[in-house]
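Colleague: One-letter residues, chain by chain:
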Amino acid sequence: MNRHYMFSLIAVLLLFLIAYVGVAAVGLEVLFGIIIPYAAIVVFTVGFIYRIVGWARSPVPFRIPTTCGQQKSLPIFKQAKIDNPSTKGNVVIRMILEIVLFRSLFRNTKVKVKEGGKLFYGYELWLWLFALAFHYAFATVLVRHLRFFTEPVPQWLQLLENVDSFMQIGLPGVFLSGVVLLAAVTLLFLRRVLLPQIRYISLANDYFPLVLIFGIAFTGILMRYFIKVDVVGAKELAYGLVSFHPTIPEGIGAVFYVHVFFVSVLLAYFPFSKLMHLGGIFMSPTRNLPTNTREVRHVNPWSYPVKVHTYEEYEDEFREKMVEAELPVDKELPPEPEEPEADETSEEKE
Amino acid sequence: MSDTPKPEEILSRSHTPPKTGWMDTPINIRPGMYCYASNPKSVDYVGLPYPRQWNPMEDDWNLPENWKEIIFEGMRDRLDRFRSFKVFMDICVRCGACADKCHFFIGTGDPKNMPVLRAELIRSVYRNDFTRFGKIFGKMAGARPMTLDVLKEWWYYLFQCTECRRCSVFCPYGIDTAEITIIGRELLNLLGLNIDWIATPVANCYRTGNHLGIQPHAYKDMIDFFCEDIEEITGVLPKPSLNRKGAEILFITPSGDVFADPGTYTAMGYLILFDFLEKKYGLDITWSTYASEGGNFGFFTSHETMKRLNAKMYAEAKRLGVKWILGGECGHMWRVINQYMDTMNGPADHLEVPVSPITGTRFENAASTRMVHITEFLSDLIYHDKLDLDPSRNDHLKVTFHDSCNPARGMGLLDEPRYVIQSVCKNFYEMPSNTIREQTFCCGSGAGLNAGEDMELRLSGGLPRANAVRHVHEKHGVNMLACICAIDRAVLPPLMEYWVPEVDVTGICEMVGNALNLPGQKKRTTDLRSEDLPGMEEEEDADE
Chain A
360 MNRHYMFSLI AVLLLFLIAY VGVAAVGLEV LFGIIIPYAA IVVFTVGFIY RIVGWARSPV
420 PFRIPTTCGQ QKSLPIFKQA KIDNPSTKGN VVIRMILEIV LFRSLFRNTK VKVKEGGKLF
480 YGYELWLWLF ALAFHYAFAT VLVRHLRFFT EPVPQWLQLL ENVDSFMQIG LPGVFLSGVV
540 LLAAVTLLFL RRVLLPQIRY ISLANDYFPL VLIFGIAFTG ILMRYFIKVD VVGAKELAYG
600 LVSFHPTIPE GIGAVFYVHV FFVSVLLAYF PFSKLMHLGG IFMSPTRNLP TNTREVRHVN
660 PWSYPVKVHT YEEYEDEFRE KMVEAELPVD KELPPEPEEP EADETSEEKE
Chain B
90 MSDTPKPEEI LSRSHTPPKT GWMDTPINIR PGMYCYASNP KSVDYVGLPY PRQWNPMEDD
150 WNLPENWKEI IFEGMRDRLD RFRSFKVFMD ICVRCGACAD KCHFFIGTGD PKNMPVLRAE
210 LIRSVYRNDF TRFGKIFGKM AGARPMTLDV LKEWWYYLFQ CTECRRCSVF CPYGIDTAEI
270 TIIGRELLNL LGLNIDWIAT PVANCYRTGN HLGIQPHAYK DMIDFFCEDI EEITGVLPKP
330 SLNRKGAEIL FITPSGDVFA DPGTYTAMGY LILFDFLEKK YGLDITWSTY ASEGGNFGFF
390 TSHETMKRLN AKMYAEAKRL GVKWILGGEC GHMWRVINQY MDTMNGPADH LEVPVSPITG
450 TRFENAASTR MVHITEFLSD LIYHDKLDLD PSRNDHLKVT FHDSCNPARG MGLLDEPRYV
510 IQSVCKNFYE MPSNTIREQT FCCGSGAGLN AGEDMELRLS GGLPRANAVR HVHEKHGVNM
570 LACICAIDRA VLPPLMEYWV PEVDVTGICE MVGNALNLPG QKKRTTDLRS EDLPGMEEEE
630 DADE
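Quick mapping for you: the protein sequence lines, in order, are chains A and B.
Using my numbering, read the first sequence as starting at 360 and increasing by one per residue.
Using my numbering, read the second sequence as starting at 90 and increasing by one per residue.
Chain B extracted, bound-state conformation (with noise of 0.2 angstroms):
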């Protein structure tokens, strides 16, 4: 951390590129901008290729003396499965469209880290070792031979992308670079080249269900802690089940939400949201700790892996028996749940579509993967006026939005978050146009980034992001950046902190339980976070 650069640092960099041409300038892997190398033992837990010790730093990587090989067939492999994959190799025309999309680019300044030239690390050897052009006209064509050089830029760069898509909003053919990444990552797996925060996670999630390797007991125990902490606050003691065979609805969340702060709020959200729907309305609800994470690291690794962690979602939902799943507050959950959970462990016939016992309300859009998420659910249950709720006790908070990469332009949940906050909170400004929704600007930490060695890393590509909250904090007094996102909550207080130190974050679902009245709740004079509310205590002490 000592080594980060000065904000003005980060925000003076030029965009010009050298002299020297990309193929030309070597890569330069500089601590601070990548990520640990995978731990051995993690990458064999789940039975991933060439587990070993190695450092991204050293000259040697240990490769497998036929890594060539292997890129090369694994690349005709998935060129031969995923016509994305070709198709994005063969039209680019490098109209630059996406260069200065990518918060990466804004934010470091490296030309390679424009999305056409990300691409290009890859497509150079595609047309090399695919493409007649590429054999014929070699370097003048765009095309050269797989080196260790190479292989190690399509490393530190692959994992300087966060796969968050917002270059193919603006690419005129829809190239998507994160496509190329996820499947540049897969190839990098062949060789057993995984970052650690990704490899350990996915291990990890194998065998305990989560990401933070929580062991059901110690799920069990955190849960039961949110609980005592709402009793103090609220003077209800919530009850939760775990693992309830005959429920209604499984609830799957991303793990970071029981693990720290401030996605732990949020899981308190949820806990008093259920709550009271329980008591109220009778909701028949359960908590899962072998479905415990929502989130999927496999997603940042290969399609396989993703396919391996996701299938505990509708395993459990089977096994239990519930009738549909609902889903919290999570980014790449809900990339994975909308375009690939039921394609790849589908068909859900075990379960029904989802209708809301409260309201009644048939979940159409989700007929088939069954999955709801907890703000379309919110949303219905407010718009039929199912909740009790005082926004009052969000009178403090000035609130914006951050529209999570992964939602808005992996699904388009847009209005549904922005309408529970609204309904829960008074004070709601709105990012510039050009920063939020379908052109939102990622955290700067997603696709597993969110490492704590790639701090610069991760607050320049935040630096859009973090600009875009200051103006809003400047003109508005904006002092709560909202977000739906685990991986969000986890990274945007260090992004804030460095950027805008007077904004804090929140996931939704924790404003909620905030405004939330409970049945048979003492006076709430502190909020989730058991910090004063301002007013409510003064009132507190006129009655006394």
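Extracted from the complex, chain A is given alone in its bound form (with noise of 0.2 angstroms):
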């Protein structure tokens, strides 16, 4: 199983190879510092639209979200109303808790066999603890990176950064995202490799991006506070192609390349990945959908008649039986040679 995860450690060490060698001794920066972002942006918004529009194609035939909880029916009883919501309004907030908090993940259990043959439940919240962590970190790494594309930087920008940054150890201060999200990803990471049943369903798409991020946080890091690269130039740079002036200002230094090459594949890559649960998890029809089904019709688009197996066809086949057992039925039995006689004295029976 290793070959998964010494694949992705290999392939981003190559990519940084890439980039490092491409700008340091080859001079190819405006292929790392223009083209190549350029090219990736637009991969990852075409991709990404084209899978969003490529699932809401497959319609939803049947209503069929999970239910989680109690479900509307009798006053007297509670309904769950976010677990089983029977109101868009309902759907919404299920859905915002799942995006925002990862609800169901929070629900996390594991099984232990105890003692005596007792299987016992215990929550299991490091994985939720971990990947809400590495979430939140990479978005708010993501917002302020704004900074560098934006001018003036606006005001609420600056604050975020100085909550990230308020424990203010060191010169610049150190945003706490930078570190937890360095931190998030290594733990996930270490979680694939570690624990056997993890290991055994990892693929390398799962390390990969673990390892291409983890290059991300640690190149940004480098730059901030060890090498101190030129940060006019980068935000020049940076600037420059969201105002579609794109320039390549002298001696930012490879890093820099380096660390907007990883960006880059990680853009490019995305729209062709598991990343994309970022879309499909609004589209997941166990969870978006209100569960009133019985309430309200769902239609089928492409619901089309099948042959069954009608009560005449059914009759048919046991009318006989079925009258002796003095069971109902639509159609009397074909009379019997002796017509007449016999019809008088089935009537008279009855």
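Wrong hints could be hidden among the right ones.
Cross-link-like lysine-lysine pairs, in silico, DSS-like; alpha carbons within 27 angstroms at most [stated by the list, open to error]:
(1) B:Lys228 with A:Lys633
(2) B:Lys369 with B:Lys328
(3) B:Lys564 with B:Lys612
(4) A:Lys471 with B:Lys564
(5) B:Lys228 with B:Lys108
(6) A:Lys469 with B:Lys475
(7) B:Lys487 with A:Lys680
(8) B:Lys108 with B:Lys157
(9) A:Lys690 with B:Lys328
(10) A:Lys473 with B:Lys108
(11) B:Lys328 with A:Lys680
(12) A:Lys690 with B:Lys407
(13) B:Lys475 with A:Lys437
(14) B:Lys157 with B:Lys228
(15) A:Lys471 with B:Lys228
(16) B:Lys95 with A:Lys690
(17) A:Lys437 with B:Lys369
(18) B:Lys612 with A:Lys666
(19) B:Lys108 with A:Lys471
(20) A:Lys437 with B:Lys515
(21) B:Lys368 with B:Lys334
(22) A:Lys473 with B:Lys487
(23) B:Lys487 with A:Lys477
(24) B:Lys612 with B:Lys515
(25) B:Lys515 with B:Lys611
(26) B:Lys612 with B:Lys328
(27) B:Lys328 with B:Lys228
Derived from the structure by calculation, the hints contain no laboratory data.
Using the supplied hints, reconstruct the complex from the two chains, each of which is provided in its own coordinate frame.
Modeller: Now the structure itself:
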């Protein structure tokens, strides 16, 4: 199984070398600073839309939400309005809690066999915690980077930075989000490598984005605190990209281009990978539909008529036995050879 | 059965996966873990493709020559028709949260029973055939081409999933293995690869109206037989009607309830309830021999087969001219009714929004489907104090309740059965919270796997459920496991026999039948099983 994460480690190392050598030795700043980022953004945008449209084009023939609480039935029973939402408003709340707080993951348990053969299910919140830390740190880092793409830098962004570096360790102030991101991504990686069950199900496509994001965070932190690249130059390049006046300022340093290249690879890789869960979670039919399936009819756009065994066919096969058992029938038995008499007697009996 | 492992063996199974990767671990189809292949006659009767004799243990499954093409086209078609399938193929991040949520994984330790890997069996082929990335990077991207061994793996593991949806509760994206299994089985059925425990009930149901193949006259005989038993026990002879036009309500319940113990006692419970309501309040209800099946093994075959079998409910309701339908205790039946029936065979314009003729309660939650669950109906009656109940006749029972998967996770019917149980029996104890309600564990035999030949699979998969029952048995002396599902009533007795032999199994309406006083009844000294009621007997002796 090692080959899966070895493959990812080697792939990211190669990407590093490609960008580093490309810039430091060959001088391909334009390629790595302008052409590839633009291309990556195009691939990401087109790819993302393509995937969403692809999913959206497949209809939802049946309404199949997973109900995780009491249904709406009689007034005496308290409905679990979020976990079994019967209105669109409550579905929205359910979705927000899924997307913002990873509510389903929060339920996570771990089975243990205790002595005496008793199974025990303990809450297991590490995965939820790592995942939450990872996503929020990543989001914060992403937002913080808007500083490179805006002029003047909006005030709320300045505020965010102040909050993010409130610990005031050293100079420049350490951004917590970067540290948390690096730590969370490392823990998620180690979890995959160390837990036998998770290692067993992990593919190269599970390790690769983790290693790549590690590389992004690592080069970022390297530049900010250790190598201290030319921030003004970096911003000039970034701002040039978004204002469609791309430039390559002198002397930003190769590590910066590695950082940008990693981000570009991540963007381009995104739409073709499991990272599309970002879009997919909004479209999951077990979560994003109301559970009032008996109250409001759901229409299947491709519904087609099917062959059924009609009551007439059923009665035709069993009529004799049904009449004998005094079960009501729609059509009486065909008359016996001596028709009139038989008919009369049966009527008389009734 | 003689080869069935001992409980300790099942309990000590390791959950650590083998050294070889899952794609390189060959499949080992083992007796006790699979169900026999479908009988060609049954497949043919309902006109499903490729009816033939085949045996899972043999190398050659007599597949049609172009089977790979059929699977490929079948997948493409379903990716286009089911957003669920397409999204679930794409967005799994393999976080592993689902892994130990599956009763089959807990019981067997087989990593391919982790929901994520069960889905990956199909996803790997999807990546290979439908994604560019899979085509380029192959195995490294988790892709593999379809082969005979892969197909066999699909068959083996898709029939080791009971579509219980427990994993989908824990999945951060709501990925539902049941949905993947349903579509996977649909693909297998394109090649005639069903199991007989599903295929034959489907054919029976199509022909006779019920899975067990009970013909109309025999169905009536069985009901009559129950009525005679009820007369013996209570002194009152119920007179139910069958196939009666013009009734107000049509009652549909799984045929398992009229066929085998302890389901039959539940059927007697229905009869007692309806007799009481008829005499006291003039309830106007009929059974049907044509719509004599609540369950739907078509659900375990394909969406189309489900629709074909389900059509009978509305058709019969229309023919008889009833106002609405009342449904009995059954698990997957209620998932079909709650989430599929109206879409498939509705709109039921010939019916009316259900209104209880006794309390006047309008069941708004069933306003469109127009079918009400018996425990919803009962809860309403009990709340309005319309039943004459003597719970002391259930005093000898210490009851716990098993939430059936489908009513729990495909409906949310959780409090209704508990309310009814607690109204008819004073001793009620819940199992641990991670094993009930939406987190309930499957009986291990759902979705058509309740055959005899796969007993080891069933006993392994039933481990988590049985373990929780054992817990309340040891802690509170629980001796009765109540459930609202016909398959449960058929499969939990052997599961209890194996894991917790001191605990018996009952339907809810059986307990209602025991507690309900019928007008003009004699002194009740036995329960519906004709077993002496402790205490009641003594009293009688003293009277004499």
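Colleague: Would the hint linking Lys228 (chain B) and Lys108 (chain B) be met if the CA-CA limit is 27 angstroms?
Modeller: holds, 17 angstroms
Colleague: Decide if the proposed pair is consistent with the structure: Lys108 (chain B) and Lys157 (chain B), CA atoms, cutoff 27 angstroms inclusive.
Modeller: violated, 30 angstroms
Colleague: Does Lys334 (chain B) lie within 27 angstroms of Lys368 (chain B) when you go C-alpha to C-alpha?
Modeller: holds, 20 angstroms
Colleague: Does Lys680 (chain A) sit within 27 angstroms of Lys328 (chain B), going by the straight-line distance between their CA atoms?
Modeller: OK: Lys328 (chain B) and Lys680 (chain A) at ~20 angstroms, within 27 angstroms.
Colleague: For a C-alpha distance cap of 27 angstroms, please report whether Lys515 (chain B) and Lys611 (chain B) respect it.
Modeller: holds, 23 angstroms
Colleague: Are the Cα positions of Lys473 (chain A) and Lys108 (chain B) separated by 27 angstroms at most?
Modeller: holds, 25 angstroms
Colleague: Does Lys228 (chain B) lie within 27 angstroms of Lys471 (chain A) when you go C-alpha to C-alpha?
Modeller: Given that 27 angstroms is the threshold and the Cα spacing comes to 33 angstroms, the pair is violated.
Colleague: Are the Cα atoms of Lys690 (chain A) and Lys328 (chain B) separated by 27 angstroms or less?
Modeller: holds, 24 angstroms
Colleague: Tell me if the straight-line CA distance from Lys95 (chain B) to Lys690 (chain A) falls inside 27 angstroms.
Modeller: Not satisfied, since the Cα-Cα distance of roughly 57 angstroms exceeds 27 angstroms.
Colleague: Please work out if Lys612 (chain B) and Lys515 (chain B) have their alpha carbons no farther apart than 27 angstroms.
Modeller: With Cα atoms ~21 angstroms apart, Lys612 (chain B) and Lys515 (chain B) stay inside 27 angstroms; holds.
Colleague: Compare the distance between the alpha carbons of Lys612 (chain B) and Lys666 (chain A) with 27 angstroms, and conclude whether the hinted pair is satisfied.
Modeller: It is violated: about 52 angstroms lies between the C-alpha atoms, which goes past 27 angstroms.
Colleague: For the pair we were handed, Lys328 (chain B) and Lys228 (chain B), check the Cα-Cα distance against 27 angstroms.
Modeller: violated, 66 angstroms
The structure fails to meet hints 3, 6, 7, 8, 15, 16, 17, 18, 27 from the earlier list, while all remaining hints are met.
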